[in-house]
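**Student:** Dock chain P against chain W, hints included.
2 protein chains.
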Amino acid sequence: MADKRVKMIASKSQDLNAWYTDVCTKAGLMDYASAKGFIIYRPDGYAIWEEVMNYLNRRFKEVGVRNVYLPTLIPMSLLKKEMENFEGFAPECAVVTKGGDKTLAEPMVVRPTSECLFSDYYKDIVHSINDLPIKDNQWCSVVRWEKTTRPFLRGAEFLWQEGHTLHADKNEARAFALSILRIYDELGRDVLALPFVTGSKPSSEKFAGAEETFTIEGLMPDGQALQCGTSHFLGQGFPKAFGIRYTDHNNQLAYPYYTSWGVSTRLLGALIMVHGDDNGLVLPPRVAPIQAVIIPIRADENPEVLKAAKELEANLSKAGVRVSLDDSNKTPGWKFSQYEMKGVPLRIEIGPKDLAKGEAVLTRRFDESKSVLPLSSLPAQVPVLLDEIHAGMYKKAYDYLKSHIYTCTSKEEIDTVLKEHKGFVRMMASDTPEEEAFFKKEYAATPRVLPFDETPFGDKDPVNGEKADKVLYFARAY
Amino acid sequence: MADKRVKMIASKSQDLNAWYTDVCTKAGLMDYASAKGFIIYRPDGYAIWEEVMNYLNRRFKEVGVRNVYLPTLIPMSLLKKEMENFEGFAPECAVVTKGGDKTLAEPMVVRPTSECLFSDYYKDIVHSINDLPIKDNQWCSVVRWEKTTRPFLRGAEFLWQEGHTLHADKNEARAFALSILRIYDELGRDVLALPFVTGSKPSSEKFAGAEETFTIEGLMPDGQALQCGTSHFLGQGFPKAFGIRYTDHNNQLAYPYYTSWGVSTRLLGALIMVHGDDNGLVLPPRVAPIQAVIIPIRADENPEVLKAAKELEANLSKAGVRVSLDDSNKTPGWKFSQYEMKGVPLRIEIGPKDLAKGEAVLTRRFDESKSVLPLSSLPAQVPVLLDEIHAGMYKKAYDYLKSHIYTCTSKEEIDTVLKEHKGFVRMMASDTPEEEAFFKKEYAATPRVLPFDETPFGDKDPVNGEKADKVLYFARAY
Chain W
-17 MADKRVKMIA
-7 SKSQDLNAWY
3 TDVCTKAGLM
13 DYASAKGFII
23 YRPDGYAIWE
33 EVMNYLNRRF
43 KEVGVRNVYL
53 PTLIPMSLLK
63 KEMENFEGFA
73 PECAVVTKGG
83 DKTLAEPMVV
93 RPTSECLFSD
103 YYKDIVHSIN
113 DLPIKDNQWC
123 SVVRWEKTTR
133 PFLRGAEFLW
143 QEGHTLHADK
153 NEARAFALSI
163 LRIYDELGRD
173 VLALPFVTGS
183 KPSSEKFAGA
193 EETFTIEGLM
203 PDGQALQCGT
213 SHFLGQGFPK
223 AFGIRYTDHN
233 NQLAYPYYTS
243 WGVSTRLLGA
253 LIMVHGDDNG
263 LVLPPRVAPI
273 QAVIIPIRAD
283 ENPEVLKAAK
293 ELEANLSKAG
303 VRVSLDDSNK
313 TPGWKFSQYE
323 MKGVPLRIEI
333 GPKDLAKGEA
343 VLTRRFDESK
353 SVLPLSSLPA
363 QVPVLLDEIH
373 AGMYKKAYDY
383 LKSHIYTCTS
393 KEEIDTVLKE
403 HKGFVRMMAS
413 DTPEEEAFFK
423 KEYAATPRVL
433 PFDETPFGDK
443 DPVNGEKADK
453 VLYFARAY
Chain P
-17 MADKRVKMIA
-7 SKSQDLNAWY
3 TDVCTKAGLM
13 DYASAKGFII
23 YRPDGYAIWE
33 EVMNYLNRRF
43 KEVGVRNVYL
53 PTLIPMSLLK
63 KEMENFEGFA
73 PECAVVTKGG
83 DKTLAEPMVV
93 RPTSECLFSD
103 YYKDIVHSIN
113 DLPIKDNQWC
123 SVVRWEKTTR
133 PFLRGAEFLW
143 QEGHTLHADK
153 NEARAFALSI
163 LRIYDELGRD
173 VLALPFVTGS
183 KPSSEKFAGA
193 EETFTIEGLM
203 PDGQALQCGT
213 SHFLGQGFPK
223 AFGIRYTDHN
233 NQLAYPYYTS
243 WGVSTRLLGA
253 LIMVHGDDNG
263 LVLPPRVAPI
273 QAVIIPIRAD
283 ENPEVLKAAK
293 ELEANLSKAG
303 VRVSLDDSNK
313 TPGWKFSQYE
323 MKGVPLRIEI
333 GPKDLAKGEA
343 VLTRRFDESK
353 SVLPLSSLPA
363 QVPVLLDEIH
373 AGMYKKAYDY
383 LKSHIYTCTS
393 KEEIDTVLKE
403 HKGFVRMMAS
413 DTPEEEAFFK
423 KEYAATPRVL
433 PFDETPFGDK
443 DPVNGEKADK
453 VLYFARAY
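Residue numbers (the working numbering), protein chains in the order written: chain W, -17 to 460; chain P, -17 to 460.
You may find that some hints are simply not true.
Over the 12 angstroms line for every Cβ pair with chain W, so calculated as not near, a few chain P residues [what the hints assert, rightly or not]:
| id | residue |
| --- | --- |
| 1 | E69 |
| 2 | T85 |
| 3 | L86 |
| 4 | K117 |
| 5 | K188 |
| 6 | D260 |
| 7 | G374 |
| 8 | D441 |
Here are the simulated lysine-lysine pairs, DSSO-like style, with alpha carbons at most 27 angstroms apart [what the hints assert, rightly or not]:
| id | chain 1 | residue 1 | chain 2 | residue 2 |
| --- | --- | --- | --- | --- |
| 9 | P | K43 | W | K300 |
| 10 | W | K117 | P | K292 |
| 11 | W | K289 | W | K352 |
| 12 | P | K300 | W | K18 |
| 13 | P | K105 | W | K317 |
| 14 | W | K43 | P | K300 |
| 15 | P | K317 | W | K43 |
| 16 | P | K105 | W | K18 |
| 17 | P | K43 | W | K84 |
| 18 | P | K62 | W | K117 |
| 19 | P | K80 | W | K80 |
| 20 | W | K18 | P | K84 |
| 21 | W | K43 | P | K312 |
| 22 | W | K312 | P | K105 |
| 23 | W | K62 | P | K84 |
| 24 | P | K8 | W | K312 |
| 25 | P | K300 | W | K292 |
| 26 | W | K117 | P | K404 |
| 27 | W | K84 | P | K18 |
| 28 | P | K84 | W | K80 |
| 29 | W | K18 | P | K43 |
| 30 | P | K404 | W | K292 |
| 31 | W | K63 | P | K105 |
| 32 | P | K43 | W | K317 |
| 33 | W | K129 | P | K105 |
| 34 | W | K84 | P | K317 |
| 35 | P | K423 | W | K312 |
| 36 | W | K62 | P | K80 |
| 37 | W | K129 | P | K63 |
Here are some chain W residues the structure puts well away from chain P; computed CB gaps all over 10 angstroms [to be verified]:
| id | residue |
| --- | --- |
| 38 | F20 |
| 39 | D106 |
| 40 | L141 |
Read the hints as simulated data drawn from the structure, not as lab findings. Positions of the beta carbon are idealized from the N, C-alpha and C atoms, including for glycine.
With the rest of the complex left out, here is chain W (with noise of 0.2 angstroms):
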């Protein structure tokens, strides 16, 4: 093969939005499809988003949750009651008019969430107290028409789950939503490395019908936050606008309350994203589909190189590790691109001078570092290693988090930080609409956070002047 270098992307600094599709193309995580706006998860994406797939089953089963499958067309007559109860909802949809060659009666429509659906089943098989808590989950996808594509970020469909309980005490839906989101943040701190703000939606942007929404709130290289997750306490509207109704302890017909969450390929993208540098995409250890990569040096020459290599493949596979060994006839100074722009977390080498003193040379993808070390450690270290890795990562993005939240006082803080730095603004609120508009007309920001466990420092806010005893980060978001 030529000897060549892989293809340059741009660089992350200077053009995020070129570097950021350089490297979901080049790294082979996904291609575009040949209809505007969907996009082919290809296997080396895919698998990430397999990891995440399950980690969430083994938590979401820990809690009680099991799995489902419902529909991937809508009647339209749901959507419709859905739309007409609950204002604000109102997506834009792929709608089925035809099914063979005949127009239907009612149109159809590609699943874009879906309460409905699972309201219009729960109606049906809830009766009693005895039949809650309900706890589904569904691995789908969903459409939204939509024409521009950003890889993992927007386009017309991605992946999700969507979860969708029921519960006949109030406190207990609301505490479930709840700890569904700290099941969704530790999946950011344990599996992909990301740290997330978490806390309430202000009010402007809860979801239609929800009492209240819980977020984690992603920040990007460029200071705008990407919402990575959510979790709906639905209260009872979606109960009684479908008449879900049980039977309970006092032989009284009661609604339930309702609870939806979920999580998408979105989060490739700020993986991806926060992650990344300028030599291509950089993977958390625990959802690289290679987590180590060895490249025999000068084996043509050396067959005892590749001997070893071979032996210490097989080892670290029996050690657990996800490991590949490169012995194709490309240059190593190919393969260490090539590598380093799919992002595998740690590199392997290994010639014939490292073998004569039984040692092989490590480096690390995402903070490039070295270390020497013996052969025989290595099925133990690597894993070890992995776990640093994966540790590291997590500290430099939670570092960049927490470094880019701007506390203010006033506008003219907010006005600097905006200007100049980039990044969560905090500050005291009262969370009204007017607020909301003068954020969106005046920064082209939204209120993004009312956070968990912050104490207020103030009783002002700087916008309105209007009595605040909230905390909020807004920031512009994706």
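**Tutor:** Below, chain P alone, put in the same frame as chain W:
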């Protein structure tokens, strides 16, 4: 709670259809969606499918297959290209004509299968021999416009996997399609306890565009065949139609060879029909969401019974058994019926007398055989018992299949079999369109499979008297 038995279901032998839908709904596997043709996969139904997914993901990975995801919607022009190139491909589709509130310039269909979408993608990513082989698989749902619903067997939407591979070498491609069929056959044998007849589809029953279609055919209790999975060797048809080409070792442009293959939730239908009985569902242990249920007897007066039951639950769970303890206040009789209906493979009763002897009573769902075993032996014995149950269920189904294959060497014999016995007619065949027309007209039956590895037992087709060198099974079919 009221001490009533679980609602009765129809008799399997007297009314298979009514029995089947009774079991599907009353065992909690599915529910009907309000849109005609669509069903809801409830947790106990979806869990079976998840076990199928787990097994196949593991097996596919062993042969180098990776998961991908391509769009739900296919531009009409792509589907038309397939229809124009491959005679007989004319799926009834759900057609999207509107996006948001605008009429689309080009309608799109909800995927009925994705060969044209994969081909359109492959033409962009396949360039050189180094890009081959490609081995992709997709888990998704497909929609085919169909108003009759027989849960899992027929309907507007089902869940499936569809594999798509490209190979430079023709023999490699054909062998790969065959190796996938072997995996499907082993899924039946080792996971679902379902025996199949394996072989090639007769020419009239091949997938449009396929050079060869390999199939696993099951036999249902009414003597009708059910196609349970297919693997297609597609030759170069799709690459030629869609322009997928690569530069080979001699720097010449060449077309790769294509295979595609799939199994669907139809397998759940086969499993229900083959194993179920008049008391409801009978689940093979390896897909059962609950493998063993513990039912304490007279625990209200004997607190030590509940204590022992809980201890047993913990120990079985530690031994890797999916176990559930039902300590609700329903009567043992109600519980027995309930878990019989749900098909739980093993029931474990502990009462005060058993406990005094340090024993429990175990009842196997599929053959109702009982054994009394020391409590302390159960963590070791239950996994063994579950394997025995699996083997017993497979043998029972295998014996049924084998005893319903009738070798016929004359028209009279064929008549007799289809009138009196029901099952597969095994005969020497010429595999011609005329023969197929005759089967359809005379017996409302179709040629199902040219089985692998069977020795010809004559040289003349008893139907049309023509020269015949192939063994053929034909039957009425779902």
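**Student:** If a hint holds in the structure, say so; if it does not, say that too.
**Tutor:** Structure-based check of each hint:
1. E69: holds (19 angstroms)
2. T85: Non-interface label on T85(P) violated, nearest chain W Cβ at 9 angstroms vs cutoff 12 angstroms.
3. L86: The assertion about L86(P) is violated, with a minimum of 9 angstroms to chain W.
4. K117: Given a closest Cβ separation of 9 angstroms, the condition is violated.
5. K188: holds (23 angstroms)
6. D260: The assertion about D260(P) holds, with a minimum of 25 angstroms to chain W.
7. G374: Given that every Cβ of chain W is farther than 12 angstroms from that of G374(P), nearest at about 28 angstroms, it holds.
8. D441: D441(P) clear of chain W: closest Cβ-Cβ about 44 angstroms, beyond 12 angstroms.
9. K43(P) with K300(W): holds (17 angstroms)
10. K117(W) with K292(P): holds (24 angstroms)
11. K289(W) with K352(W): Holds: K289(W) and K352(W) sit about 23 angstroms apart, inside 27 angstroms.
12. K300(P) with K18(W): The hint is violated at about 51 angstroms.
13. K105(P) with K317(W): Holds - the C-alpha atoms of K317(W) and K105(P) are around 26 angstroms apart, at most 27 angstroms.
14. K43(W) with K300(P): holds (17 angstroms)
15. K317(P) with K43(W): Since the Cα atoms of K317(P) and K43(W) sit roughly 24 angstroms apart, the hinted pair holds (cutoff 27 angstroms).
16. K105(P) with K18(W): holds (17 angstroms)
17. K43(P) with K84(W): violated (42 angstroms)
18. K62(P) with K117(W): violated (42 angstroms)
19. K80(P) with K80(W): It holds: about 10 angstroms lies between the C-alpha atoms, which stays within 27 angstroms.
20. K18(W) with K84(P): Holds, because 15 angstroms separates the two Cα atoms, which is no more than 27 angstroms.
21. K43(W) with K312(P): Holds, at about 26 angstroms.
22. K312(W) with K105(P): Holds: K312(W) and K105(P) sit about 25 angstroms apart, inside 27 angstroms.
23. K62(W) with K84(P): holds (18 angstroms)
24. K8(P) with K312(W): violated (60 angstroms)
25. K300(P) with K292(W): Not satisfied, since the Cα-Cα distance of roughly 36 angstroms exceeds 27 angstroms.
26. K117(W) with K404(P): violated (44 angstroms)
27. K84(W) with K18(P): Holds, at roughly 15 angstroms.
28. K84(P) with K80(W): holds (15 angstroms)
29. K18(W) with K43(P): Status violated; Cα separation ~31 angstroms.
30. K404(P) with K292(W): Roughly 57 angstroms between the alpha carbons, so the hint for K404(P) and K292(W) is violated.
31. K63(W) with K105(P): violated (44 angstroms)
32. K43(P) with K317(W): Status holds; Cα separation ~24 angstroms.
33. K129(W) with K105(P): holds (23 angstroms)
34. K84(W) with K317(P): violated (48 angstroms)
35. K423(P) with K312(W): Violated: K423(P) and K312(W) sit about 62 angstroms apart, past 27 angstroms.
36. K62(W) with K80(P): holds (16 angstroms)
37. K129(W) with K63(P): holds (24 angstroms)
38. F20: violated (4 angstroms)
39. D106: violated (7 angstroms)
40. L141: violated (6 angstroms)
Hint compliance for this structure: hints 2, 3, 4, 12, 17, 18, 24, 25, 26, 29, 30, 31, 34, 35, 38, 39, 40 are not met, and every other hint is.
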